[in-house]
Structures are given as C-alpha cells and as structure tokens.
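Number of protein chains: 2
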Amino acid sequence: MIPYCEMTLEQLTEEKASLEKKFAQIKAQNLKLDMSRGKPSAAQLDLAMGMLDVLDATSNLKSSAGVDCRNYGVLDGIPEAQELLADMTEVPANQIIIYGNSSLNIMFDTVSRSYTHGVMGHTPWCKLDHVKFLCPVPGYDRHFAITEYFGIEMINIPMNEDGPDMDLVEQYVNNDPSVKGIWCVPKYSNPQGITYSDETVRRFARLKPAADDFRIYWDNAYGIHHLYDDKQDHLIEILMECKKEGRPDMVYKFCSTSKISFPGSGVAAMAASPANLEDIRRQMKIQTIGHDKLNQLRHVRFFKDIHGMVEHMRKHADILRPKFEAVLNVLDNELSDLQIGSWIRPRGGYFISFDALPGCAKAIVAKAKEAGLSMTGAGATYPYGKDPIDSNIRIAPSFPTPEELAIAAEIFVLSVKLVSLDKFIELRQ
Amino acid sequence: MIPYCEMTLEQLTEEKASLEKKFAQIKAQNLKLDMSRGKPSAAQLDLAMGMLDVLDATSNLKSSAGVDCRNYGVLDGIPEAQELLADMTEVPANQIIIYGNSSLNIMFDTVSRSYTHGVMGHTPWCKLDHVKFLCPVPGYDRHFAITEYFGIEMINIPMNEDGPDMDLVEQYVNNDPSVKGIWCVPKYSNPQGITYSDETVRRFARLKPAADDFRIYWDNAYGIHHLYDDKQDHLIEILMECKKEGRPDMVYKFCSTSKISFPGSGVAAMAASPANLEDIRRQMKIQTIGHDKLNQLRHVRFFKDIHGMVEHMRKHADILRPKFEAVLNVLDNELSDLQIGSWIRPRGGYFISFDALPGCAKAIVAKAKEAGLSMTGAGATYPYGKDPIDSNIRIAPSFPTPEELAIAAEIFVLSVKLVSLDKFIELRQ
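From first to last, the protein sequence lines are chains A and B.
Heads up: the first sequence begins at 93 in the numbering used here, then just goes up one per residue.
Heads up: the second sequence begins at 93 in the numbering used here, then just goes up one per residue.
Hints in this document: simulated from the structure, not taken from any laboratory.
Errors might be hidden in some of the hints.
Copies of the same chain look alike in the list, so a pair counts if it fits in one copy or across any two.
Claimed, not checked - Below, a list of computed lysine-lysine pairs in the DSSO-like style, where the Cα atoms sit at most 30 Å apart: (1) K124 <-> K478; (2) K224 <-> K377; (3) K454 <-> K119; (4) K124 <-> K300; (5) K461 <-> K335.
Small disclaimer: the values here were computed from a predicted structure and weren't measured.
Produce the entire structure from the sequences given, and follow the hints as far as they go.
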C-alpha cells in the first residue's frame, strides 16, 4: 500500500469507492459499540468479587486501632487502609488521607476549597482576578471540566515523549503568580500512556513557583496499572522528590482503587505534606464525620497488602493486554503505511491516543458513530473541548469484549481512512 | 425537697457539703463516660449486621435498570435506592438524588456550591457582601460549623414548643434579601426533640422570601426515628407543602440512613424540586462519576422496602427507649422539685435538651468532666458556640450502656445541683 499523500486523484477515488462499500456493509449491521470511556469490563470486575465475601455478619469489624468501623468517625481513614494505599502510591502512611469512592471528587473538593478558602492561608482564588492552570495536552477531560467549572483559565502545554514540555512549564510557573496549578497524569498518562521521565519529575520538583499557593495536581491514576510483566514504566515518587528540593508542600497526589477493585465502590486517597494535610483537615472536619470505613476494611481484608494488590493487577493486565494489542495490531496492519495517523504503544493505563491528520478528528468520530461506534468526543482531550488542530482521538479499549473490539477497531480504521481520503481528494481537486 | 431558691444559706451549705461528698466518691472511681455525641451503640449497629450478608460473590449485582452496580456511573443513584429513600422521606422517587455516606457532606457541598456558583443562576454568595442564615436555637453544632466556615452571618431564632419563632422567621426572610437560608431539624429536633407543628410547616411554605435564592435547609435527620410505637410525632411533608403554595424550589431536604443502618457506611440523600435537582446535577457531574451503588444495593436488599425499614426502626427504639427513660427518670426524680433546670421528654430522635439556670451550663459541663463524664460542650448548640445565657446542655444517651448511663445521669444531676447551689450560695452571701 502506498501512502495516501502519494496517490493520484484516480487512485484515491477508487480506494474510497471500495472502502465506502465495506463501510456500508458494516453500517447495515446496526451495531452498537462503545470505545468512549475508560471503563473496566465485567470480566475485570469479576476479579474482585471475593471482596463481597470478606465481611459478613460474623466478621470482626474493628480496625487495627480498635475502632468500630461501622460507627461514625476517623477522618483520615483506618490505619490499615492508609498503609495499603500509601504503599500503592509509594508514600508514608502518615501522609495519606483515605476518602470515599472517587478521586475525582477529592480533586474537585481540592480546587473548590482553594477557591473558597485559599491554600494554607493564601488568598482564596474567588477573591483573585486571574487564576490559571497549566494543562498538558492531550489530557483528561474531567480534570479540565473541574477547572473550567471554577472559571480558571487553562493553558495548553504540549506533551512530549517524556512528559509535558518542561521549558514551558518552568516559564509559566516560575514567572506568573496567577498560575496556581498544573494537572498531571504522570504514569501511563490519559490518553497517551506516557510516563514522565526521571528528568521531567526532577524538573517538576525543582520548580520555583512565583505563587506560594501553586500546587502540582499529581493524579497517579494508573500507578500500578501495567499491561506487561516484563515491560513496565517506572515513575519517580514526587512527594519525596519535592521534599528533597525543599518544597514539600508543592504537590497534591491523588489515587484510587477504582480500576483495581470496583469503579463505583473503590477507595480513593490523597497524599501530601503534613502541612497540606493539616490545611485540608480544617475543611474536612466541617464537611464530614468520616468516610466509609467498612469499605476501607473490605479492601484491606481482600487485598491483604500491596503484594496482593500487585498480584491482582496481573489478572487485570491479562484481560486488558489482548484488547490493547488487538486494537494496536489493526492500527499497525491497516494504517502503518498510509501516513494518515500516528499512535503510541502504551505499556499500561487505559487508553490509546491516536493523532489523525489535522482537521480530521471530529469527522472521524462522527463517521465512526454513523456505523454505531461511540468514541470519546474529538476535542475532549483538550481544555474547553477544543483541540486547536482537530487531530487527537482517545481510544478506550477496556470495556468491549474482544469480539466487539475487533469490529470496533475495523470501523475506526475505516473511518480514519475515509475521512483522510476525502481530505486528499479535496486537495487534489 | 424544697426548691433551692427557697432554701436558707444554711440549708444550701448543708446540701452542698452532702453532695460534695457524694461527688468525691464518684470521682474517686476514675470513670470514663461519654454522653457527648449522638452515636448509636454497638447493640444498635448489631441490628444491621445482616446487611453484610446480602451481597456476596454469587450475587446478581445489576440494578433494577440493568446497570452493573460495580462499575462507574448513575449520578442520581439506582432506582430502587431512590424509591427506598424517597419513601423514607416521603417524596416522589424522581425528586431525590442518592449520595455517599454522609448527609452532612451533602449540606456542606450545597452551601459550598451556592457560595461558588450561586443558586439557580443567582449571584454566587462569594460575590455578595452579606449572606445570612437563620439558626433556630438550640440547634445542631455541625450545621452552624458549615455556615461559620463560609463566613455566613448566623442569626439566632428562638425555638418554641412548636418549632422556630415563625414571626421572627417571616420578618427576616420576607424582608431581608441577604437572608439566604435557615437550618431546620424539623422532626425530633437536635437537641430538643421538638417536631414542628402543622401550622409551623405551613408558615414555612407560605414564606415570601425577599431573596429568590433563599432556601430552607430541611435536615430530616430523624424522620422515622421514633422512641415509641404509640406516641409518635407527625410532620407535614415540606416539599409538597411548598409546591402547593407555588414555591416548589424553596426547600432542600436532606436525609440519611446513618442512624438506621451504619453511621459510617450508610446512604445519604437530598430531595428537592426538579429545577433545583437540575441545578445541582450541573455541579455533580463535574464532581463525581457516581456514588457507591453497591452500598445502595446492599441497603435495598437488606431493608427490602420502607416497611422493612420501619420494622427495623422498632428494634432501634427498643434499645434507645430504656436509655432515654433512664436519664429522664433520674432528671424527674432528682431535679423536678428543685427549680434549677428544665427539660423536654422527646418522643424520638437522639437527644435530651436540658436548660440549666442562666450562667450555669459551662460550669455544669466542666463539673461533670471532673468526674469523668464527657458532655457536648456547653454553647455547642448555638452559632459560634455562644449560648447567650449559658444555659443549654445537650444530653446524648444513645452510646453508653444502660449501666454506664445510670452512673452518667447521676453525675450529671450531681453536677447540676452543685453548680446551682454555688449560684444560690453566692446570691445569699
């Protein structure tokens, strides 16, 4: 196959006619497929069913500290849950607070608290004329939705192979006091699956923010979500790195078991310096009497410790890996030669990021929809839903069955080809 | 026994000496008793242990709508949980949203959202110079803590036997546009156990607020928390009442199963008009992907329906009733004649409210502490922790065992007597 850019108008038109026929056949099947969200599949959820058996009417429901987990109280979470999630996210157990079922909720509350009450005694953001966040792109739409909701100006920072463009990050953070935060998914990033290099993390820790209330929002959502046993990315632990550089308060770290146990009924946590946690507790004690300790206990009794959790993640990987490879193989086989898109082979996480020819992403997603395939909306990986070159598409291969995935990848590739063909035909005419 | 106010100095001094001896004996036992918080006892929590058995590894975990409760999603809660909690709080199932484990958290978020984004399109409170809340007193300290946290000015409204002083409420709400809310615990109120009369509720519904974004914060925390089968209070349903009066949007209603199932692992909910719920969802969908649906399912499978819940509350009553009566009997027997305090016999809820002689509450709580009895801090039932006449004390009889309670009531009564005696002796000298 020769690249589309080298085809004559005749060749392009011929190819299009042949693919349109194929597309029409698929469309006629009235399929309903979904590669839009990073949702674990039923098979993955089945892995944690044992968690529903570890507590029953005969169980000892006291925490290791002797607290009745059924009753009110314990703002920080029970000690054994702190230990489990601290190990999971590689921080000391006294630097983590266990929350409810959603790390997104913690992040929202963190921005909200900064907006209403400020960060560690600094001016509440609602009293400031300008508050800005840096947003490595492509990134996670729900992060961007939070900052947009609070009217925070978002600035795109291009992602490189080793993480965000740190020259640009340093330039903004170290000079502009209205820059109060940066959204990071530092390991197996959403959507590219990129892990920040050692040098990138060290440059983060060496930032000298113009604003004392600048914080790195380090959403370590995929910390132990490897796809392979032998090929794994490693990420330097940011809290320790910031401490070494004399700025222990510069980072908030978020994590959860949503994609480890159950997405709707997991346990989320936030790790930070003692001073940050003290600041956070001042709000928390007004907001709640404590989170669900029985669910914390359930997680500890099921996983036992970090080793149990790592073993459990191998089972997830065994289910996810073939799905990622199925999609990647179709992309490799069908698109490699055509020069109409590029993608990254991630070693973990939940997504494959696809960059189409500029100006084609929206049309590709619409085309796929025509054949019954739902994709994440084009643009969603950018602040305000605006991809400036309309190129990035997030592929979420986790939820469909392998059989559905094979057809879904086929539809996607066809859509990419057809939209790209239109582009070239238009250029030639 | 003659009232202290009628005693001579000699009689007072004699009585004091005799009681001091008694107090010293109890103090020497180095007791550690707690009547400070409305915490269910272990025996009450044991009632719901079956809830840990209703879901296991073999269970069908689909909601009635066919949704896998383990996975992400479902912002409003699963339909069967909506139905159960709607029945519990007497509203239509499509007017309720099911949240996480804490109604306090919902109330906090509601005030926070109004502060950052305003209510249904009105100016966010953070942009206003003055925001005021009415606070019926005595009331719930955690309510007052939320409004204090957001810098909202709190205005004391005296509680009468049939609810808040509605003349005063109408005067404020109907004339002052900076009055944005009122905290209410309308049934078995915290701490007095008062239920708002039909006329009080109707006057609430007939309010004509000067501020369009005024809301009644109707914390129906003890809606089905009766102590007796035969003597039960009835409260008119406020959402319907407001709707009838043409102001369906004027009220937010909160409830939870914290004191029905498990305080740390219950299910909380908010009911409101469709327009209010739509406004709330605009925030919720940014804040979370959904609350813990497995725990919702657990509650539905355990209680089955509102009848099951009502039956369950009878078992709670059987445990709580003797405790309330134990304390009330000690108060009746020991204090009735002395004219040094008054109290209300509640028919439900979690508290007994005691009004000491003006200027005595702090000293009584301190005295009780001396003998090892923790009480809710005097003043806690008032905004800013300031009881203007230092009189009200909240008694929480639910947590101690009946044996502990007998001693605790004894210590309390002794403390009331001793502090009151000092007062009269001082007056006589």
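Against the structure, the hints come out as follows:
1. K124 <-> K478: within (26 Å within a copy, 62 Å between copies)
2. K224 <-> K377: both (28 Å within a copy, 22 Å between copies)
3. K454 <-> K119: Answer is within: at 19 Å inside a copy they meet the 30 Å cutoff, but 77 Å across does not.
4. K124 <-> K300: neither (50 Å within a copy, 51 Å between copies)
5. K461 <-> K335: Answer is neither; intra-copy 48 Å and inter-copy 43 Å both fail.
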